[in-house]
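In the order they appear, the protein sequences are chains H and E.
Here the first sequence is numbered in full-length UniProt numbering, starting from 1 and rising by one per residue.
Here the second sequence is numbered in full-length UniProt numbering, starting from 1 and rising by one per residue.
If you are wondering where the hints come from, they were derived from the structure by calculation, not from laboratory data.
Just so you know, not all the hints are guaranteed correct.
Identical copies carry no separate label here, and so any pair may be met within one copy or between two of them.
Calculated cross-link-like contacts (lysine-lysine; reagent style DSS-like; alpha-carbon spacing at most 27 Å) [stated by the list, open to error]:
(1) Lys145 <-> Lys9
(2) Lys103 <-> Lys32
(3) Lys103 <-> Lys327
(4) Lys103 <-> Lys42
(5) Lys161 <-> Lys145
(6) Lys328 <-> Lys42
(7) Lys103 <-> Lys115
Number of protein chains: 2
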Amino acid sequence: MTSIREVAKIAGVSPATVSRVMNGTANVDEKKRQRVLEAIEKTGFRPNELARALYKKSSRMIGVIVPDIENPFFSELSKAVEEQAYRTGYRILLCNSDDDPQKEMMNIQMLVQMKADGIIITTNCDSTSRVLGDCPIPVVVVDRKLKGESGTAFIEADHYKGGRLAARHLVECGCKNIVCLQGPLAYSSGRQRYQGYLDICEKYGLKEQHVNCTYDYEAGRRAAGELMRRFPDTDGIIACNDMVAISVYKELTARGRRIPEEIQLIGFDDIKFSRMCTPELTTVSQPIREMGSLAAGIIIRHVEGEEFLQENVFDVKLVERDTTRRKKEQKK
Amino acid sequence: MTSIREVAKIAGVSPATVSRVMNGTANVDEKKRQRVLEAIEKTGFRPNELARALYKKSSRMIGVIVPDIENPFFSELSKAVEEQAYRTGYRILLCNSDDDPQKEMMNIQMLVQMKADGIIITTNCDSTSRVLGDCPIPVVVVDRKLKGESGTAFIEADHYKGGRLAARHLVECGCKNIVCLQGPLAYSSGRQRYQGYLDICEKYGLKEQHVNCTYDYEAGRRAAGELMRRFPDTDGIIACNDMVAISVYKELTARGRRIPEEIQLIGFDDIKFSRMCTPELTTVSQPIREMGSLAAGIIIRHVEGEEFLQENVFDVKLVERDTTRRKKEQKK
Numbered sequence: 001m002t003s004i005r006e007v008a009k010i011a012g013v014s015p016a017t018v019s020r021v022m023n024g025t026a027n028v029d030e031k032k033r034q035r036v037l038e039a040i041e042k043t044g045f046r047p048n049e050l051a052r053a054l055y056k057k058s059s060r061m062i063g064v065i066v067p068d069i070e071n072p073f074f075s076e077l078s079k080a081v082e083e084q085a086y087r088t089g090y091r092i093l094l095c096n097s098d099d100d101p102q103k104e105m106m107n108i109q110m111l112v113q114m115k116a117d118g119i120i121i122t123t124n125c126d127s128t129s130r131v132l133g134d135c136p137i138p139v140v141v142v143d144r145k146l147k148g149e150s151g152t153a154f155i156e157a158d159h160y161k162g163g164r165l166a167a168r169h170l171v172e173c174g175c176k177n178i179v180c181l182q183g184p185l186a187y188s189s190g191r192q193r194y195q196g197y198l199d200i201c202e203k204y205g206l207k208e209q210h211v212n213c214t215y216d217y218e219a220g221r222r223a224a225g226e227l228m229r230r231f232p233d234t235d236g237i238i239a240c241n242d243m244v245a246i247s248v249y250k251e252l253t254a255r256g257r258r259i260p261e262e263i264q265l266i267g268f269d270d271i272k273f274s275r276m277c278t279p280e281l282t283t284v285s286q287p288i289r290e291m292g293s294l295a296a297g298i299i300i301r302h303v304e305g306e307e308f309l310q311e312n313v314f315d316v317k318l319v320e321r322d323t324t325r326r327k328k329e330q331k332k
Numbered sequence: 001m002t003s004i005r006e007v008a009k010i011a012g013v014s015p016a017t018v019s020r021v022m023n024g025t026a027n028v029d030e031k032k033r034q035r036v037l038e039a040i041e042k043t044g045f046r047p048n049e050l051a052r053a054l055y056k057k058s059s060r061m062i063g064v065i066v067p068d069i070e071n072p073f074f075s076e077l078s079k080a081v082e083e084q085a086y087r088t089g090y091r092i093l094l095c096n097s098d099d100d101p102q103k104e105m106m107n108i109q110m111l112v113q114m115k116a117d118g119i120i121i122t123t124n125c126d127s128t129s130r131v132l133g134d135c136p137i138p139v140v141v142v143d144r145k146l147k148g149e150s151g152t153a154f155i156e157a158d159h160y161k162g163g164r165l166a167a168r169h170l171v172e173c174g175c176k177n178i179v180c181l182q183g184p185l186a187y188s189s190g191r192q193r194y195q196g197y198l199d200i201c202e203k204y205g206l207k208e209q210h211v212n213c214t215y216d217y218e219a220g221r222r223a224a225g226e227l228m229r230r231f232p233d234t235d236g237i238i239a240c241n242d243m244v245a246i247s248v249y250k251e252l253t254a255r256g257r258r259i260p261e262e263i264q265l266i267g268f269d270d271i272k273f274s275r276m277c278t279p280e281l282t283t284v285s286q287p288i289r290e291m292g293s294l295a296a297g298i299i300i301r302h303v304e305g306e307e308f309l310q311e312n313v314f315d316v317k318l319v320e321r322d323t324t325r326r327k328k329e330q331k332k
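Chain H on its own, in the form it takes in the complex (with noise of 0.2 Å):
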């Protein structure tokens, strides 16, 4: 069998480099990382027998509790971390909560009883949030800054500045009468947004003006009709991510609405969908790969008694599409 050191030295490279390639977690120079992943293929070095020989007390699965596996955010959140647990030698077990506390709850019990290495979860459950921070497995919250001291490490995007990011392109492609459909104040991502939303209605002394919504595709065909009750005359939305703003599509073209020609729209998320349906969406891209991929990084360093960080905020980014267009652009 191949060792981590003979890996590393015909990498060029130091065994602790080697580790950090495969945990995929920490800053590693391209060029090394490039050689070590050479080295790794042409050897046939097995990671994962290395592992299970270091760490024999680790059960080598990760938990993965999230509120529905079939909303693509979370399919591809779980797949990027099955992926870096793969990579490692590590398994998901993934178990799906339909946002119930008791479900969640026995879940966690579930995990714990069968010596998981650590849980991911997505929760959206007070009550399972103030267990987390006893929880005798480390705990990494993807999507939700907890208040207290839940969780052994959060990993969140900078919901903020894509809240602000949405509204200001509303503004740049000439909406002077946005709605936001706000997510649930609950959750960081809701208040965050809605408060960058905000910022920048002041800053361009615009109207304030929200229709309540949670994240999934449903909520969003009723909120689309509220919006269109309450506020018809808006000329741009911003929906609190895809699904909603999928949906929101759906509902405004069957009344007759053009979009983006009478009406601007935004989502959140940048889902694989939000580039695949047509029109495609204009979106706050979050990074849902890495988020995940780190979030295994995190589990994997604790059980081989690495460091990592506790809070992690991941950048966002504007991704402009079919559903919204710059004033410029209206002028051709």
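Based on the hints, put chain E in the right spot on chain H.
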């Protein structure tokens, strides 16, 4: 702790019936099923604790290996497996194979080593399917009918009927020049759907026309381009699945072709996105939830020493939405 006998007594059924309802696999009279579910709720009966006591040798884990968890067909299937497993106190270990034979083999070995109670797999690899027959734990193959004696049981939809339904529907919509985006002939799904299309062509004296495609979005875009070059006068397209139909819609509208006015389009699967996108897709629906549920049920029945069917073929049905239009509606 409540026993299964107490639940049975309250519901006025036999303990075996309670077990059947919990496993969700055998036919149970709907009224009885409701009584059992109420009794379970009333007593706070915890099937997993019971099962744990009864089947100590079971690891209570079911391995699920899919080519791509981001593909909605597989995330919907996995969710159904998870829900059925959870109800009966099992967990799923989710593996993403990326259609890579080596990754599939490693996943299978890993699941065997972890003493999973069984494996639910959709594989596209001949080499993998050959080893499944010798797998020491039960294997349920979903959405593929493998050659030879691979696997413990298999589950698929009636693809031949689906192919016929799709083609006949386009005929009824007035299409004269139908092109079939043919799924891979290596899979029963691809072969049988194509055969169904072929038989309808023969019956109605239509010319057979096809373009090869695989089941993913990117392949769909390429195939749509080829289709437009080779068959510019087509008036009806049978996509090999909904993801491909979504990409065909995008390619065709980008070329200024109108669906369904000029070209009618039908998908296959009835994934949730087929009704979320605009326009909603006409498609051939396969009961994805029921298939996933049965897959988990078979593994659990195997653990519990109960009988199950080896061959399970589910019916399909036509779902008419916005990408096709019947002749009489066209005249309106």
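Hints and how they fare:
1. In the homo-oligomer, the alpha carbons of Lys145 and Lys9 never lie at most 27 Å apart, since the shortest distance is 41 Å inside one protomer and 47 Å across protomers.
2. Only between protomers do Lys103 and Lys32 lie at most 27 Å apart by alpha-carbon distance; the minimum there is 25 Å, versus 44 Å within a single protomer.
3. Proximity of Lys103 to Lys327 under the C-alpha cut-off of 27 Å is found in neither arrangement, the shortest distances being 49 Å within a copy and 49 Å between copies.
4. Proximity of Lys103 and Lys42 under a CA criterion of 27 Å is satisfied inter-copy only: 17 Å between copies versus 45 Å inside one chain copy.
5. Proximity of Lys161 and Lys145 under a CA criterion of 27 Å is satisfied intra-copy only: 15 Å inside one chain copy versus 50 Å between copies.
6. In this homomeric assembly, Lys328 and Lys42 never come within 27 Å of each other (Cα to Cα): the closest approach is 53 Å inside a single copy and 64 Å across copies.
7. Proximity of Lys103 to Lys115 under the C-alpha cut-off of 27 Å is found in both arrangements, the shortest distances being 18 Å within a copy and 25 Å between copies.
The earlier numbered hints that this structure contradicts are 1, 3, 6.
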